[in-house]
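> Residue numbers (the numbering used here), protein chains in the order written: chain W, 1 to 220; chain S, 1001 to 1310.
Calculated from the structure, these hints are not laboratory results. A couple of the hints might just be wrong.
To be verified - Some chain S residues well away from chain W (every beta-carbon gap over 10 Å; in silico):
#1 V1046
#2 G1047
#3 R1098
#4 L1231
To be verified - Once the Cα atoms are required to be at most 20 Å apart in a straight line, the calculated SDA-like pairs of lysine to any residue come out as:
#5 K8(W) / L1012(S)
#6 K18(W) / W1086(S)
#7 K218(W) / K1174(S)
#8 K8(W) / D1105(S)
#9 K89(W) / A106(W)
#10 K1127(S) / L169(W)
#11 K75(W) / W1086(S)
#12 K8(W) / H1091(S)
#13 K217(W) / K1245(S)
#14 K75(W) / G1178(S)
#15 K1127(S) / P87(W)
#16 K8(W) / P1291(S)
#17 K1174(S) / L1118(S)
#18 K8(W) / S1050(S)
#19 K1127(S) / E74(W)
#20 K1245(S) / P1291(S)
#21 K1150(S) / L84(W)
#22 K1150(S) / G1178(S)
#23 K217(W) / S1050(S)
#24 K89(W) / G1236(S)
#25 K1127(S) / K218(W)
#26 K218(W) / I1286(S)
#27 K1126(S) / G13(W)
#28 K89(W) / K1127(S)
#29 K75(W) / I58(W)
#30 K218(W) / Q1079(S)
#31 K89(W) / Q1084(S)
#32 K8(W) / G1178(S)
#33 K217(W) / H1091(S)
#34 K8(W) / D1090(S)
#35 K218(W) / W1086(S)
#36 K75(W) / S1050(S)
As the list claims (entries may be wrong) - Computed footprint of chain W on chain S; a stretch qualifies when at least three of its residues, placed anywhere within it, have a C-beta under 8 Å from a C-beta of chain W:
#37 1048 to 1056
#38 1061 to 1073
#39 1077 to 1085
Built from N, CA and C at the ideal position, the CB exists for glycine as well.
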Amino acid sequence: MSLPLLLKDELRGFYRSKVMIFLWVGLPLMAVLFQFWSASTQQVFSFTLLSAVLVSSIGGTLASVMLAVSIINEKNRHVYELFLIRPVKRWNLIAAKFFAVYICIAVASFLAIAMGIGTDYLARGGASGTVLKDTLQSVSISMSMMAVSSAAGVLIGVASPSVLVGAILVIYGGNQISAIPMIPTILNVGNASLFTMSSGILISTVLLILAALIFNKKQF
Amino acid sequence: MLDKVSKRYGSLLALDHVSLEVEEGEIFGYIGPNGAGKTTTMKIMVGLLSSFEGDVRIGGFRMPEQRSEVHGMLGYLPQNVAFQEWRTVDHALMTFGRLSGLSEDEAEQRIGEVLSVLGLSDVRGKKIVELSGGMIQKVGLAQALLHGPKLLVLDEPLAGLDPASRYQFKQIIKRLAGDGITIFFSSHILSDVGDVATRIGILNSGQVVSVGTLEEFRSRFSAGSYVEIVLSHDAGRWQSLKSVKGVKDLEQRAPNKFLVQLESQANMDETIDSLIRRLLETGSRIRSVTPLSSSLDEVYLKYVGEGEKA
């Protein structure tokens, strides 16, 4: 009962935040700007794929920093006390935060990737099969990397005592972990999209379970 | 009810076999120096701290095992209450009301009622971070009252408030108690505790050193050991009061105003009779004779010691 309510609440808080406004506008804009850069270089990957990696890297980093900082701040300011004296399951609080941020950046990323696909299609006039394959791969990479980044942000936010420590851990640790779902694509294994999404879901779930266990044991 | 509750933070013993019983409908003031364990006690009561020794029962339910039953009947205002920065008063209260089990319509109605009682109707649509400290404290109290709790646990509700807000807050606390809500609150401002509490518990170094009404404390400690005498005419022989049986010391505070300290074993009524007789004999005219009892500050310092005053 409390998870949908908390999720709606968190979405309301996040979608209007300054970071999210930057992502709503900034990511699609970056996708367009990237076209000019890629036009002057020799393309190895498709533009859509590069857009996805760029977007998920920036979006994922911002999302994980935002989640970690938000959780650490709220923990330190004792914001959660008012929730925890009510019949609310503790894991609902962090799950709501994760999904709210993830939904927001996912929408921003879809917008950015859509720009990339459109640009790719116009520039290359590629066959629809190639575009679709690229698109699926791009979306799976982007979504998986951002899910892992966000889950890492939640875990670091729950475990870290200070904003500074949290931010450092997210930037150096979270980013490394979020690159794991890229491995099947880099190695060019068959059905890379499926492997990418599976590894993204698995790693995110493990990180979120760890975060929930730590949060459940925390004494406020 | 807390029975032999102990809580450790590493090697620090924050609470040491604390036992307290709070009666239904009373305003229980909980005082003690910084670090005495007041907030720890309250956090255990409301279920925020679950690892402790001893037995805690609220309304017959055991904490933390039956916390969901307890949470339905309990409102809590933490020290330095904080809300997420993007929340408006209305939105925060709606969320907390819904999480406490109210339907959207019920929450809407209760928000209106509670804000009206607390004088916050005008700021309903404002962001909480834009409000003054006193207002935020009231919003904190509002969230604690939304679901109609039977017990209110207030941690330092008067800290940081200006005198007008403190007065208002104390009136609200009294009104809530009048409506049958049991109130357990801590405060550093001893005069405020004396003003509203029907019973007081003093905590020092993690131990409850005494519990009683203010009157009981006063009678335990030097009650009536001072008598203030105001004369309308001073015949100039007030020094002779020193020789009255039961008088320990005598001090002139102002022209025509004297403070008489009685010996600890002196009978208050007999000594006052003797003082009045002596003054009349010496030709003075008396305006008033007032036995002075100990203030809560004096009582507190006797239990907790000088230099520990919060």
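> Hint by hint, note whether the structure agrees.
For each hint, the structure was consulted:
no., hint, verdict
1, V1046, "violated, 5 Å"
2, G1047, "violated, 7 Å"
3, R1098, "violated, 6 Å"
4, L1231, "holds, 56 Å"
5, K8(W) / L1012(S), "violated, 41 Å"
6, K18(W) / W1086(S), "holds, 11 Å"
7, K218(W) / K1174(S), "violated, 35 Å"
8, K8(W) / D1105(S), "holds, 18 Å"
9, K89(W) / A106(W), "violated, 26 Å"
10, K1127(S) / L169(W), "violated, 32 Å"
11, K75(W) / W1086(S), "holds, 16 Å"
12, K8(W) / H1091(S), "holds, 12 Å"
13, K217(W) / K1245(S), "violated, 66 Å"
14, K75(W) / G1178(S), "violated, 35 Å"
15, K1127(S) / P87(W), "violated, 25 Å"
16, K8(W) / P1291(S), "violated, 63 Å"
17, K1174(S) / L1118(S), "holds, 13 Å"
18, K8(W) / S1050(S), "violated, 29 Å"
19, K1127(S) / E74(W), "holds, 17 Å"
20, K1245(S) / P1291(S), "holds, 16 Å"
21, K1150(S) / L84(W), "holds, 18 Å"
22, K1150(S) / G1178(S), "holds, 12 Å"
23, K217(W) / S1050(S), "holds, 9 Å"
24, K89(W) / G1236(S), "violated, 76 Å"
25, K1127(S) / K218(W), "violated, 29 Å"
26, K218(W) / I1286(S), "violated, 66 Å"
27, K1126(S) / G13(W), "holds, 15 Å"
28, K89(W) / K1127(S), "violated, 27 Å"
29, K75(W) / I58(W), "violated, 26 Å"
30, K218(W) / Q1079(S), "holds, 19 Å"
31, K89(W) / Q1084(S), "holds, 19 Å"
32, K8(W) / G1178(S), "violated, 38 Å"
33, K217(W) / H1091(S), "violated, 29 Å"
34, K8(W) / D1090(S), "holds, 15 Å"
35, K218(W) / W1086(S), "violated, 25 Å"
36, K75(W) / S1050(S), "holds, 17 Å"
37, 1048 to 1056, "holds (count 4)"
38, 1061 to 1073, "holds (count 3)"
39, 1077 to 1085, "holds (count 6)"
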